[in-house]
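With the hints as a guide, bring both chains together as one complex.
Quick mapping for you: the protein sequence lines, in order, are chains A and B.
Basically the numbering used here = 1-based index in the first sequence + 19.
Basically the numbering used here = 1-based index in the second sequence + 5.
None of these hints come from the bench; they were simulated from the model.
Watch out, some of these pointers could steer you wrong.
[Said to hold, decoys possible] Far from chain A by the CB rule (all over 12 Å, computed), these chain B residues: (1) Pro22; (2) Pro28; (3) Pro29; (4) Gly73; (5) Phe85; (6) Arg102; (7) Glu166; (8) Pro171; (9) Ser186; (10) Thr273; (11) Asp293; (12) Ser344; (13) Val424; (14) Leu455.
[As the list claims (entries may be wrong)] As a list, the in silico DSBU-like pairs of lysine-lysine whose alpha-carbon atoms are at most 35 Å apart: (15) B:Lys20 x A:Lys130; (16) A:Lys130 x B:Lys132; (17) B:Lys362 x B:Lys45; (18) B:Lys132 x B:Lys20; (19) B:Lys280 x B:Lys290; (20) B:Lys386 x B:Lys337.
Here a beta-carbon is modelled for each residue, glycine too, at the ideal position from N, C-alpha and C.
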Amino acid sequence: MTSTPTVPAGWSIKHLHRLILTSATWRQSSAPRPEALAVDAGCRWLWRFPPRRLEAEAIRDSVLAVSGTIDPTPGGPGFFLHRVERENVYHYHPLEDFGPAEARRMVYAVKIRLEPDGIFGAFDCPDGSLAIPRRNVSTTPLQALNLFNSRFMADQAVHLAARLAREAGPTADAQVRRAWQLAIHRAPEPAEAREAAALVAAEGLPALARALLNANEFLFIP
Amino acid sequence: MLGRQGLLAASVSGKEPLRPVIPPGQPYAPRAPHFPPRAKNVLVIFCSGACSQLDTFDYKPELIRHHGKPLPGAEGLITFQGEQGALTRSPWEFRPRGQSGKMISDLVPHLGALADDLCFIHSMQGKTNTHGPGENFMSTGFTRDGFPSLGAWVTYALGTEDQSLPAYVALPDPRGKPQNSVNNWAPGFLPAAFQGTEFNATNPLRHLTPPPGISARTDVATRDFLQGLNARHAERFPGDTELAARIASYELAARMQLAVPGVADLSTEPPHIIKLYGADEGGSKVKDLRAAYARNCILARRLIEQGVRFVQLFNGAYQTGGEGVSNWDGHKDLFNQYSVHGPVMDQPTAALLLDLKQRGLLRDTLVVWCTEFGRMPTFQKGAQGRDHNPDGFTCWLAGAGVKAGLSYGATDDFGHRAVEDIVTVHDFHATLLHLLGLDHERLTYYHNGLERRLTDVEGHVVTGVLA
Chain A
20 MTSTPTVPAG WSIKHLHRLI LTSATWRQSS APRPEALAVD AGCRWLWRFP
70 PRRLEAEAIR DSVLAVSGTI DPTPGGPGFF LHRVERENVY HYHPLEDFGP
120 AEARRMVYAV KIRLEPDGIF GAFDCPDGSL AIPRRNVSTT PLQALNLFNS
170 RFMADQAVHL AARLAREAGP TADAQVRRAW QLAIHRAPEP AEAREAAALV
220 AAEGLPALAR ALLNANEFLF IP
Chain B
6 MLGRQGLLAA SVSGKEPLRP VIPPGQPYAP RAPHFPPRAK NVLVIFCSGA
56 CSQLDTFDYK PELIRHHGKP LPGAEGLITF QGEQGALTRS PWEFRPRGQS
106 GKMISDLVPH LGALADDLCF IHSMQGKTNT HGPGENFMST GFTRDGFPSL
156 GAWVTYALGT EDQSLPAYVA LPDPRGKPQN SVNNWAPGFL PAAFQGTEFN
206 ATNPLRHLTP PPGISARTDV ATRDFLQGLN ARHAERFPGD TELAARIASY
256 ELAARMQLAV PGVADLSTEP PHIIKLYGAD EGGSKVKDLR AAYARNCILA
306 RRLIEQGVRF VQLFNGAYQT GGEGVSNWDG HKDLFNQYSV HGPVMDQPTA
356 ALLLDLKQRG LLRDTLVVWC TEFGRMPTFQ KGAQGRDHNP DGFTCWLAGA
406 GVKAGLSYGA TDDFGHRAVE DIVTVHDFHA TLLHLLGLDH ERLTYYHNGL
456 ERRLTDVEGH VVTGVLA
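Isolated chain B (complex conformation) (with noise of 0.2 Å):
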């Protein structure tokens, strides 16, 4: 009755797993979803730090006709860094975008030009308000360290079309990597296989390439010799599938060797694709940021297209320079961080949104856009910058199965709590697994005596959302 097949073993939820079938020795061979999927694969564009929703996609009127006063009913409110300040209305204009008229901000033009695309949920609630946690919850269902990421279990679940480059693929800010790094694309107690490898435009594969001082030839001669020696020691013990695998492993390494740097050079890119999204300028702080951010973006585009089932780009990372210098976390210059955040992921950002939109990628690839949490309506008491909040935030969504040109749920008049419609961060990962035909319920990986879940025990498909 305890045991694994028993009557305590069974979902909380007391639906059946439902568990993909992975041909041995084959962890990323392509499988069937559990109902036909709107979208074959993901791209997640991570903006680290937390950022605004109040300068960005969240207009509110209120905010800035109460601009100046303190929060009502919130007399000596102190947040995650301490006591706050007036309500402070966005330094920058909102204006009307695209047919829909959707209210964006001067901050992200470029993205705002694509509201009539965008599907945009004003009600996420998180539950921790610091940064670490707070990764780890919207990449990983947790606020702890330690479980699975969305792109393991996605890729756990469905495999990848391409089986010479990653499975998944994690691609950190060039200026470095978010503040739970590795948690954020870890397999947690998945299968490693399921992990996210990690590398950018600036920074490739570690040991992609033979040692410096072997030649090509030496390389191919020896890992042949190796593979014999393999095969030979395998014939002595049939039936052991790890050493299979990891002759399976060295076989598969060889063709990344071959795969990775060519999806990987940019330089076949035709010039009006670079300049789309702004990786041929420079010069300035800002050209050279938004630049490098680019390179990473056409990057992620390359390997949505050559089949890769999870992308997971960053635009922010770990405190480089300062608090708030190199991600999104403003708490107290907000106006001049934020100067240079925006320009930097507006533009390549849309660009990519344009450039698959332009090669029918758009329609079988879901787009998540997201935060860990959101910023005060008000400033911090001495500073000029937003405080963390984790009760009301934004995030978007476009492309497969997505009702484009949508606002989803709404937060208060200030834009501090969401209270209409609201969207947990388990939700958000229910829905985002049911457009790619997975029952977060019933997908499902038994560890320490429990059916473990992406959604732990919680989470509902936001219906509202779906096209």
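So here's chain A without its partners, still in its complex pose (with noise of 0.2 Å):
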């Protein structure tokens, strides 16, 4: 890029979307480097491509689109991840069940205002009253909690259970690797796939998604 701005033909956006994606900038992997750690390592000069985490919704879209259970329709009336209450006025109760009206992704959720989604709305989703053009990235025990303990992923690690046995048979070591393979899209490490056959033996297959489905690797890119 010249020190000097130009306007590229007619402010063409796709033009700068193509300069952006085929810039050797762009294109960096995000392994780390001791050395421009030491200098910058909030990644400011973009000196590799910074780790993220996923945003709310894509959590969810992902947790269901590796437990095979999304309903990608797209469009379409949006559906309703609380209980609606009316009486006086209305109240807002997080569900606890869901079912295929549920399984679409979190883009078509109605947004309630000053109601957070009971399990992915602590991972920094912006209030309906508020326009956020750029999202923190927070930690917090309550986003632990949530995606730990709730049912919605309790049931979802059994659907992922389910697809894994369905997909890779009955023995341990090939339902690790589609694990693996779907959920972080690599082969698991010796060490890992030993452990990982350790815990389904002990456990049982749904332990095991449940663990995948809150790893970091899963909830961050790359």
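Structure follows, in structure tokens:
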């Protein structure tokens, strides 16, 4: 890029996108380098592709996609993540039971002002009353509790376990390989595979699924 | 010059920001305030719906004398809900209380008995007459949604003492959340770690326990495996504080799974304490409601005792059952509604104060009783209740660093507008921060081009209430 800003042909956004997406900067890996970390840990100077946590909606969508329960149908009326109680005023209670209607992408969820989603709202979802151009990324123990202990996640872990058994057959090794492939797009290291198989043998396949769906490697790109 | 450290980024007051030193990955680590504090933790008791000062703590003999007449100089007065009728004295008698002889109504006799411990501010002044913005203003310093709550600012500044419990706990009324719900304990643009954690004696913290069907053994094994996965992953990304923070958050969640049920288990309280708060009684609407609120008060005391930095207790919930039924918003039927709200709030709140005092906790705890705004000295035309009044209302403080037995500021003869030693909500906040050892002009957070403050660009410490 030159130091003098230039106006590309007709202010074309597509041109700007092409410029960014084909640049060497954009195409860097996220691998850390100690000497660069020492100078610019926050990656302000884009010496690597900064790893980033998925947004709330992307986490929920990814969980559904990996467990195989997602309904990818686009468009149409939204669905509710709250039970609506109508009396003098409306009260919104987060759902505890979820069915196919709630297996759509979270962008189609009806967003209630001042009522964050009971599980994923904690992942920096701005309130419906606000316009936020750029979300924060925060880490709180409430996120951990929601992702680890909610019934929704437990049910999705069971679905994922069923999918692994269906697609990889009955042997733990094959199931573990399939789990890694689905959730984090790689083969497991030998030590990981051994420990995972041991967990499956001792506690069952849903336990492995639950752990994977909570893992940093699942929630962070890349 | 326009950059973050440059000339135009300086605080409006001209004072240098004094940011808290937060160890990476440890947002709740205790840290020192700007100067030696008088208070170490804060207990806010928020009466939701706008509690009438005229029927509780602001005695107005002229209102009694002019009962039935129009508010002088305000013919045809129209306020929030519409036309006003005549000046109306409180249905409750006021009597002298304590050694100070402070006049307090019969609606709140238990609190009245503690008059010598309380520091009243009768000259509070807000800038909105609507509940949602009013709650926002009292809780966050701004009438709009999206700003950090007082509790978020305090935990951002100071962290907390007990690393197994949340630093900031919001205890909604048993009947439900206040009108503006989570915004009352929101982090706003501060890191979300500083939001209030919401639960109470009736509704435990969501997702605190493993989901049904998963044994404790499986749960522990899964968590251990997960932490192993995360630890190996973190090795491939050295220096990544977010990964480390997530690992730490699961460890904190595990500690909370043990510590929170422990602190919320009121069965360990001795019978005389349960009785003091009225948490044992039942059998009538008032007694049931009082017992439920009382259990929240006991929980509040236990949290303070354990070192939780900021506890925000609500009395009153959003409009369940009709206007003014579940909160202090007595527009139409003040006498009947407040005949419930008064007894429900009075005994447990007084017990909470007494209990803190007898355990020596009042020395270091700042207790803040507040509401979103006040009510009118007139009754609404055609109704038996009072309309909203942000121009003059009462809050009180007790405990660390506060002058006990003081009545600060005053409203006019009829209790309508604050006229003497006016205390805006910004002044109120500046004073609370001051008692915690924080300069409200230097406790800032850089966001969207400004060094933001709880007090915006306003507020003065009310030195008159400081001991």
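Hint by hint, here is what the structure shows:
Consistency note on proline 22 of chain B: stated as away from chain A, and its beta-carbon is indeed over 12 Å from all of that chain's, at 19 Å minimum. Non-interface call for proline 28 of chain B relative to chain A: holds, since the shortest CB-CB distance, roughly 14 Å, exceeds 12 Å. Interface exclusion of proline 29 of chain B from chain A breaks down, the closest Cβ pair being 10 Å apart, not more than 12 Å. Remark: the non-interface label on glycine 73 of chain B is consistent with the geometry, its nearest Cβ contact in chain A lying 32 Å away (cut-off 12 Å).
Its beta-carbon lying about 17 Å from the closest one in chain A, phenylalanine 85 of chain B satisfies the requirement of being farther than 12 Å from that chain. For arginine 102 of chain B, the shortest C-beta to C-beta distance to chain A comes to about 36 Å, beyond the 12 Å cut-off, and the non-interface label holds. For glutamate 166 of chain B, the condition that its CB be more than 12 Å from all CB atoms of chain A holds, with the nearest at approximately 16 Å. With a least beta-carbon separation of about 8 Å from chain A, proline 171 of chain B fails to lie farther than 12 Å from that chain, contradicting its non-interface assignment.
Residue placement check: serine 186 of chain B does not keep its beta carbon more than 12 Å from all beta carbons of chain A (closest about 4 Å). With a least CB separation of 24 Å from chain A, threonine 273 of chain B remains clear of the 12 Å interface cut-off, as annotated. Every Cβ of chain A is farther than 12 Å from the Cβ of aspartate 293 of chain B; the closest lies at roughly 19 Å, confirming the non-interface assignment. The beta carbon of serine 344 of chain B is kept farther than 12 Å from every beta carbon of chain A, the shortest such distance being approximately 20 Å.
Against the 12 Å criterion, valine 424 of chain B stays outside the reach of chain A, whose nearest CB is about 35 Å from its own CB. Its beta-carbon lying about 15 Å from the closest one in chain A, leucine 455 of chain B satisfies the requirement of being farther than 12 Å from that chain. At roughly 41 Å between alpha-carbon atoms, lysine 20 of chain B and lysine 130 of chain A are farther apart than 35 Å, so this suggested pair is violated. Taking the CA atoms of lysine 130 of chain A and lysine 132 of chain B, the gap is about 29 Å. The hint holds against a cut of 35 Å.
For the given pair, lysine 362 of chain B sits about 15 Å from lysine 45 of chain B by alpha-carbon distance, which is consistent with the 35 Å threshold. Among the hinted pairs, lysine 132 of chain B with lysine 20 of chain B is consistent with the structure: their alpha-carbon atoms are about 26 Å apart, no more than 35 Å. A C-alpha spacing of about 18 Å is found between lysine 280 of chain B and lysine 290 of chain B, which places the hinted pair at or below 35 Å, so the restraint holds. For a cut-off of 35 Å, the pair hint linking lysine 386 of chain B to lysine 337 of chain B stands: about 10 Å separates their Cα positions.
Checked against the numbered hints above, the structure violates hints 3, 8, 9 and 15; every other hint is satisfied.
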